[in-house]
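Peer 1: Each chain, written out:
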Amino acid sequence: MQPAKQLAKFMFLALGLAASILPAAAQNREALTLCQTLEPPILDPSGGAAAAIREVTYGNIFEGLVAYDRDGRIVPALAREWSASADGLVWQFRLRPAQFHDGSAVTAADVKFSFERAVAPDSKNAQKWIFEPIAAIATPAPDLVEITLKSFTADFLEGLAMGDATIFSPASMGKAATEPVGTGPYRFVRWQRGDRLLLERNDSWWGPKPALKSVTFRFISDPQAQVSALLAGDCDAHTNLGAHEAVAQLRADPRLAVTIGRTEGETIVAINNAKPPFSDLRVRQAMAMAVDRRLVNEGAVSGLGTPIGSHFSPNHPAYLDLTAERPVDLARARALLAAAGYPNGFAATLRLPPPAYARRGGEIVAAMLGQIGIRATIEPLEWPQWLERVFRNKDFDMTIVAHVEPLDVNIYARDSYYFGYQSPAVKEAYARTKTARGEVERREAFQKIQRQIVEDQVNLFLFMLPKITVARKGLAGLWPNWPVPANPLAELRWE
Amino acid sequence: MALFLIKRLVGLVLTLFLAALVIFLVLEILPGDPAAMMMGVSATPETVAALQAELGLDRPAATRFLDWLAGIFTGHLGLSYTYRVPVAGLIAERLVVTVPLSLMALALAVTAGVTFGTLAAANAHRRADMIVMVLTQLGLAIPNFWFGILLILVFAIGWGWFPAGGFPGWAADPLLAFRALLLPAIALALPQAASLARITRSTMLETLSEDYIRTARAKGLSRGQTIRRHALRNALIPVLTILGLQFSFLLAGTIVLENVFALPGLGRLLIQAIGGHDLILIKSLVLFYVATAILVNAMVDLAYGLADPRLRVGRA
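In order, the protein sequences belong to chains A and B. First residue of the first sequence? That's 1 in this note's numbering, and the numbers climb one at a time after it. First residue of the second sequence? That's 496 in this note's numbering, and the numbers climb one at a time after it.
Chain B on its own, in the form it takes in the complex (with noise of 0.2 Å):
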């Protein structure tokens, strides 16, 4: 088991320095200069030069590589360009956005997708079964965003239950912040649940097939009660793995939808960083995602090896 760790371990640490080679060559190769970008076009060149040299624009490529690689242990991750504060302190204030938005809709997704789902094996081929799958096949059309911008339509302009977007904050006031957080998290829920809906009546369906189900059936328990202590257990593996997965896709929806709701997040000023060529914010938001996409899937490969050793062995 330790050898098993260890070796995710070292492949996790060559992974994610692959990938910060690769963020840093990328940038590094892309035309424009960020000093001139924040100048504008009537600054003299001395003047760029005079910022190149405060942004430590001029030192050598090699050396801007490792001094961030060693910030990324230390937490010094430098100054952005553009904001002049230092990075890490940029990305700790957007996460206490696009954290509690992804959790909220991840809550959202599940408690949906697992119920509609299992509402429909439970009366599969009827009428109940017939709506949710017309609604999932509805959630997984329709883009995010546009659902989205639905929402602000009925609720935030129509009726004025919401804001239209924005941020307060959760010093100021916690449950406004929650409010302004609510309609973004379902849109960004809607195509979640609806895979969940349908993977979950999927598997449910098999699982209710299975001979153990006809023997609790078959010792007295009601419908409801087979399915709520036996089925759904069961169900559920498959539609975990499958939401660990989906997790890269939810994290890619919160750029689209912190933008459509103008929320401070992560996504919104990955966006502000590429518009204002903030090479140095960028290359650390990047790598944030990256590091998150593969840690999460990490953990899910972890999970796999504790709870089925047929894996590990094969794996070692």
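So here's chain A without its partners, still in its complex pose (with noise of 0.2 Å):
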């Protein structure tokens, strides 16, 4: 007994005494840990389509002509004034004084090699659309790029506002991936991959001299483990916290103060069009009627999302309210089964990627469905298998998604999308949204869209996944909303 005892009281101590070595750090009012969920592979935003590298590099290392601010709008960054001639053509850009983090300063030259190496043929550039319509770059002076189109495109200046169209140094292109050059206010210090990359003051940014000096990024997948680096103040704040059940937990302590945004994930069920039965308009229509978007709000994500009746944006000035269309109406949706050639339901598969809200709503979604006889089978799927077989074989019935790209109402035009819609309609009017000359008439052209997949209920609208920012009270400055997936550190504050 006694040795037992001497034994644990010796463990105990030795515990406190390994804890006491180091005395807790001191507050730093220049310095910040910022948590967020995944790490970016690589650093390079023009190399892959990960969002977590614009998360940490949108803004800090690198920059664009034009970036989004938090409320999705369009602002100046490396050019410092803009104006497009009469036809819309031709677009000049002056850029403001600037320099790499090399001390190399930024020249049209740059703008034009990066431009060009995004549409080259050996371009990994994610979205190579935006640069698709570029027929000629001219520099007729080292501040000024002169950029002609082929044809009118009314969404060129939000192409170039995103991460894919990063203003680089020719010189540094070798290891942007993973020592980047960029200009913006932060430069690359460190990454331990793994576990956390370091940004520090780029004293020569030409914007305000941001408030911290020294930032840490740091990678937490695991939900739970975001929680306890929450509570045990490892992490001032969590970009945008996995642990949806845990909002409440954290919203109650004192020391922390939780904001729920919206990110541009529009989560739908995508429904095989192509296949039959699922290419009967009435079988869609019933399955509308029989999936309580609210209810799937409530169980994937802790009803934290925002409902959408379309694959739309409500962040966007062209969002329509189409949620009150098709009600929850179960004795219809068997009507309509029936009146397709379905009076006892069908089976079907509904094969799930690995995101809880996928898991969680995928099983409400097929217990919803089970209502109206549609027997849907889960079958669960990790990233790269569902890439291969749901969305380049299109080999499914129904799958639970978020498509997280903003403005991607594009993907109802697309001729071989994996859920298999055609509408010339759609067609139509994506391209009226291309050559609008004014605003008017384009969002008149979104609204047409938001409708018509509406009327057509190519896929069933859940909601919009949330952001949940965590942060320790008197960080100022985080963006609520992610118009783009972006922490912008020139922003942030201790108050």
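Derived from the structure by calculation, the hints contain no laboratory data. Beta carbons are placed, not taken as given, at the ideal position from N, Cα and C, and that holds for glycine. Be careful, since some hints might not be right.
Distance condition first, Cα-Cα at most 25 Å in a straight line; then the derived SDA-like pairs of lysine to any residue [stated by the list, open to error]:
| no. | chain 1 | residue 1 | chain 2 | residue 2 |
| --- | --- | --- | --- | --- |
| 1 | A | LYS213 | B | LEU671 |
| 2 | A | LYS175 | B | ILE586 |
| 3 | A | LYS394 | B | ILE586 |
| 4 | A | LYS473 | B | GLY655 |
| 5 | A | LYS473 | B | GLY573 |
| 6 | A | LYS275 | B | VAL536 |
| 7 | A | LYS394 | B | ALA544 |
| 8 | A | LYS394 | B | ASP528 |
| 9 | A | LYS175 | B | GLY584 |
| 10 | A | LYS150 | B | PRO540 |
| 11 | A | LYS128 | B | GLY584 |
| 12 | A | LYS213 | B | ILE586 |
| 13 | A | LYS427 | B | GLU541 |
| 14 | A | LYS394 | B | PRO540 |
| 15 | A | LYS128 | B | GLU549 |
| 16 | A | LYS128 | B | ASP668 |
| 17 | A | LYS473 | B | GLY653 |
| 18 | A | LYS128 | B | LEU552 |
| 19 | A | LYS434 | B | ILE567 |
| 20 | A | LYS394 | B | ASP668 |
| 21 | A | LYS175 | B | LEU552 |
| 22 | A | LYS175 | B | GLY573 |
| 23 | A | LYS112 | A | TRP129 |
| 24 | A | LYS275 | B | PRO526 |
| 25 | A | LYS213 | B | GLY584 |
| 26 | A | LYS112 | A | GLU146 |
| 27 | A | LYS112 | B | GLU541 |
| 28 | A | LYS175 | B | ASP553 |
| 29 | A | LYS394 | B | ASP553 |
Label pairs and their in silico Cβ distance ranges [claimed, not checked]:
| no. | chain 1 | residue 1 | chain 2 | residue 2 | range |
| --- | --- | --- | --- | --- | --- |
| 30 | B | ALA788 | A | ARG73 | 35 to 45 Å |
| 31 | B | ILE637 | A | GLU455 | 53 to 63 Å |
| 32 | A | GLN99 | B | TRP641 | 49 to 59 Å |
| 33 | A | ARG414 | B | GLU523 | 28 to 38 Å |
| 34 | A | GLU132 | B | GLU523 | 33 to 43 Å |
| 35 | A | GLU132 | B | ALA788 | 43 to 53 Å |
| 36 | A | ASP395 | B | ILE789 | 30 to 40 Å |
| 37 | A | GLN422 | B | ILE524 | 29 to 39 Å |
| 38 | A | LYS150 | B | ALA786 | 30 to 40 Å |
| 39 | A | ASP203 | B | LEU633 | 52 to 62 Å |
| 40 | A | GLU30 | B | LEU670 | 21 to 31 Å |
Both chains are sitting in their own frames, so use the hints and assemble them into the complex.
Peer 2: So this is what it looks like as structure tokens:
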């Protein structure tokens, strides 16, 4: 008995001693530890689609000619001002005096280099469409870029504001993926893969001096570990918490502030429109009347998502609230199924990718479809398998996925997209969004698409994925919403 | 003896080759294209093809296998598909977390296991023994990831003695780095310590009933002296055997605990590589795990051979 007691006492003391060797770090007003869920695989935003690349680099290490602000508006970045010719074909960008982190000046030649590299045959740019309308790039002066387009393109400037249109220094390209040299307010210091990435204020940045001197990004993928790190004070903020169910607990903590915002992720039950019985509009309508998006939102993301009635973000000015269309009505749904020739329903598969919204949402959707006789078998897939089977080979009946690119309604105008929808009306309207000369006409075209895809009930539109920001009180300036996935550090400060 | 060693060595190399072949083939069959995975759902097929060419995925499987085999000997294991840096460097970067973590856990497990086991045997069927037996039962029953979460709850969130996870790096601050590994090492050591304690107790009890122990007591040694000088050493031989066998479990445990504590070790790299479909990284990592397990077992075998000539003759 005695020895056991002594031993326990000894081990406990040893633990305390090990812990007390170091004093707790005092709060540093110029430092910040920002935690995010996923680690960027590389840091070159023109070489991969991963949102995590942009979450670290956008507006911090790298800049484009123009940028999105927190409200999704386009603001100047490396271009001080710009203008388009009356026919919208010739764009002139006037560059501000700026330097790369290696000290070299940003010139028109760098812009020409970056855009020509993005559109080259061996380019790995995930958003090549941004650069495809470009016919020629001229550099009449070191601070003047003149871009001539093949045809009028209404969303040309929006494309240039994305991380994929970053301006690089030709000399730094070899190491852009691992030791990036950009123009932004923060320069890359060190990256301990799997754990953290260190940035330091770039004192020769063109903008007002940022408040934070050094920022550490930490990458914590496990939702429980995210909550622990916040509660233990290891993270000053988490940019998009994965543990939806912990929101109430974190809200109750007086040290923390929780903000529920929106990403651009339209979460949908995608339906294989090309495959019977789903090729029958009545079947898809019946499904829409059986699935209650509010309950799915509740179960999949603890009710923190914003319900949507079509594939369009409420963050955008052209948004139409169509959530009241085709309300839940099981009797009518069964009647529609019977009219389509399935009075006893049918069996189908629901292939789900790994995120919690899909796996949890899938259980609920399957149960709701079961009420009208559609017997959905759930098949969980890993991302690579999902991409290969569902996305590329279109080998599926139904799936649940969030489409996270901003303004990605264009997927309904594509010829061979995975959900197999073909509509001349949508194609025509989408072409009009590209050629529209005024905002009003463009907005109308977007609204026409929103209505048309609900009328055709291409997919079941559920909710926008939430962005859950948890920060230590006193930290100001984090973006509440993600018009693009980004955490511009120059806007942050301790109050 | 030389023949014995050569035979073991040839067996070892053959096993590793077969393991490499199986790993490569399994990953070859696995559906999913790493390039498509990285470019997301908006990229055009041409862009994906450009990336495939850059990653060397368009070359025949046999060529890739032979390149990889050659790379195992030269250390050039290729570039990671997702991180675009050499695989060997990535693995080396992560070893500085996983190896110290495993060694700390091993040290903790042996110290705690042998101490508690001896204590229980010395006080067999008395209260200290009962307590140790109940504790070891608990230690075996509690999954170590759950114990890890419990440790975080108490020592990181509750008392703020330790960070809840992460790893600052040895270069930045060795003490902080040590502190970051302590809680996961304890969680990792728990089930090992529990089973070691049980084994130590039973072998110790067996040893304590041997004649030479009675002789030692008869010549005037105290009970404690007898245990320390005579019984412990003999009782530890089977314990060491078990330790060798348990090493694979320890490695597997690091995969889980590195995730719970957000540590940038090999195990977390493996999970990240699987998530990102980084096949080139997965196969080198899996081979590394397999090789470590095989080598440890071979070393245990060799140690037997050295210690016990009968085994050598029997196998030769």
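Peer 1: Next step is simple, just say for each hint if it's right about the structure.
Peer 2: Structure-based check of all given hints:
1. Restraint check: the Cα-Cα separation between LYS213(A) and LEU671(B) comes to about 22 Å, which is no more than 25 Å; the hinted pair holds.
2. Restraint check for LYS175(A) and ILE586(B): satisfied, since their Cα atoms lie roughly 20 Å apart, inside the 25 Å limit.
3. In summary, the hint linking LYS394(A) to ILE586(B) is not supported, as the alpha carbons are separated by about 36 Å, beyond the 25 Å threshold.
4. A C-alpha spacing of about 19 Å is found between LYS473(A) and GLY655(B), which places the hinted pair at or below 25 Å, so the restraint holds.
5. Our distance criterion of 25 Å between C-alpha atoms is broken by LYS473(A) and GLY573(B), whose separation comes to about 45 Å.
6. Of the pairs offered as hints, the one joining LYS275(A) and VAL536(B) holds, with about 21 Å between alpha carbons and a cut-off of 25 Å not exceeded.
7. A hinted pair counts as satisfied when its Cα atoms are at most 25 Å apart, and LYS394(A) with ALA544(B) qualifies at roughly 19 Å.
8. Restraint check for LYS394(A) and ASP528(B): the C-alpha separation of about 15 Å stays at or below 25 Å, so the hint holds.
9. For the given pair, LYS175(A) sits about 16 Å from GLY584(B) by alpha-carbon distance, which is consistent with the 25 Å threshold.
10. With a CA separation close to 23 Å, the supplied pair LYS150(A) and PRO540(B) stays within the 25 Å bound.
11. A distance of roughly 32 Å separates the Cα atoms of LYS128(A) and GLY584(B); the hinted pair therefore is violated under the 25 Å criterion.
12. Between the alpha carbons of LYS213(A) and ILE586(B) the distance comes to roughly 32 Å, so the proposed pair goes past 25 Å and is violated.
13. The suggested pairing of LYS427(A) with GLU541(B) holds, with an alpha-carbon distance near 23 Å, which does not exceed 25 Å.
14. Of the supplied pair hints, the one linking LYS394(A) and PRO540(B) holds, its CA atoms being roughly 15 Å apart against a limit of 25 Å.
15. Using a Cα cut-off of 25 Å, the hinted pair LYS128(A) and GLU549(B) holds, with the two alpha carbons roughly 17 Å apart.
16. The straight-line distance between the Cα atoms of LYS128(A) and ASP668(B) is roughly 44 Å, outside the 25 Å bound, and the hint therefore fails.
17. With a C-alpha separation of about 19 Å, the suggested pairing of LYS473(A) with GLY653(B) holds against the 25 Å cut-off.
18. In summary, the hint linking LYS128(A) to LEU552(B) is supported, as the alpha carbons are separated by about 22 Å, within the 25 Å threshold.
19. Proposed proximity of LYS434(A) and ILE567(B) is contradicted: the alpha carbons are some 52 Å apart, above 25 Å.
20. The hinted pair formed by LYS394(A) and ASP668(B) fails the criterion: a straight-line CA distance of about 51 Å is larger than 25 Å.
21. Among the hinted pairs, LYS175(A) with LEU552(B) is consistent with the structure: their alpha-carbon atoms are about 22 Å apart, no more than 25 Å.
22. Between LYS175(A) and GLY573(B), the direct Cα distance comes to roughly 17 Å. Compliance with the 25 Å bound is thereby established for this hinted pair.
23. Taken as a hint, the LYS112(A) and TRP129(A) pair is honoured in the structure, with Cα atoms around 16 Å apart against an allowance of 25 Å.
24. The straight-line distance between the Cα atoms of LYS275(A) and PRO526(B) is roughly 23 Å, inside the 25 Å bound, and the hint therefore holds.
25. At most 25 Å may separate the alpha-carbon atoms for a hinted pair to count; LYS213(A) and GLY584(B) exceed this at roughly 30 Å.
26. With a C-alpha separation of about 9 Å, the suggested pair LYS112(A) and GLU146(A) falls inside the 25 Å cut-off, and the hint holds.
27. At roughly 22 Å between alpha-carbon atoms, LYS112(A) and GLU541(B) fall within 25 Å of each other, so this suggested pair holds.
28. About 24 Å separates the Cα atoms of LYS175(A) and ASP553(B), which keeps this hinted pair within 25 Å; it holds.
29. For the proposed pair LYS394(A) and ASP553(B), the alpha carbon gap of about 23 Å is at most 25 Å, so the pair holds.
30. One distance hint, 35 to 45 Å for the beta-carbon pair ALA788(B) and ARG73(A), is violated here, with the actual separation near 57 Å.
31. Range check, ILE637(B) to GLU455(A): Cβ separation about 57 Å, and the 53 to 63 Å hint holds.
32. Between GLN99(A) and TRP641(B) the C-beta distance comes to about 52 Å, which sits within the given range of 49 to 59 Å.
33. The supplied range of 28 to 38 Å is met by ARG414(A) and GLU523(B), whose beta-carbon atoms lie about 31 Å from each other.
34. A C-beta distance of roughly 35 Å is found between GLU132(A) and GLU523(B), which places it inside the suggested range of 33 to 43 Å.
35. The hint said 43 to 53 Å for the Cβ distance between GLU132(A) and ALA788(B), and at roughly 52 Å that hint holds.
36. Hint check: ASP395(A) to ILE789(B), Cβ distance near 39 Å, so the stated range 30 to 40 Å holds.
37. For the hinted restraint 29 to 39 Å between GLN422(A) and ILE524(B), the CB-CB distance of approximately 34 Å keeps it satisfied.
38. Between LYS150(A) and ALA786(B) the beta carbon distance is about 56 Å. The supplied range of 30 to 40 Å is therefore violated.
39. For ASP203(A) and LEU633(B), the hinted distance range of 52 to 62 Å is satisfied, since their beta carbons lie about 56 Å from each other.
40. Separation of GLU30(A) from LEU670(B) is about 24 Å and conforms to the stated range, judged on CB atoms against 21 to 31 Å.
Of the numbered hints given earlier, the model fails hints 3, 5, 11, 12, 16, 19, 20, 25, 30, 38; all others are met.
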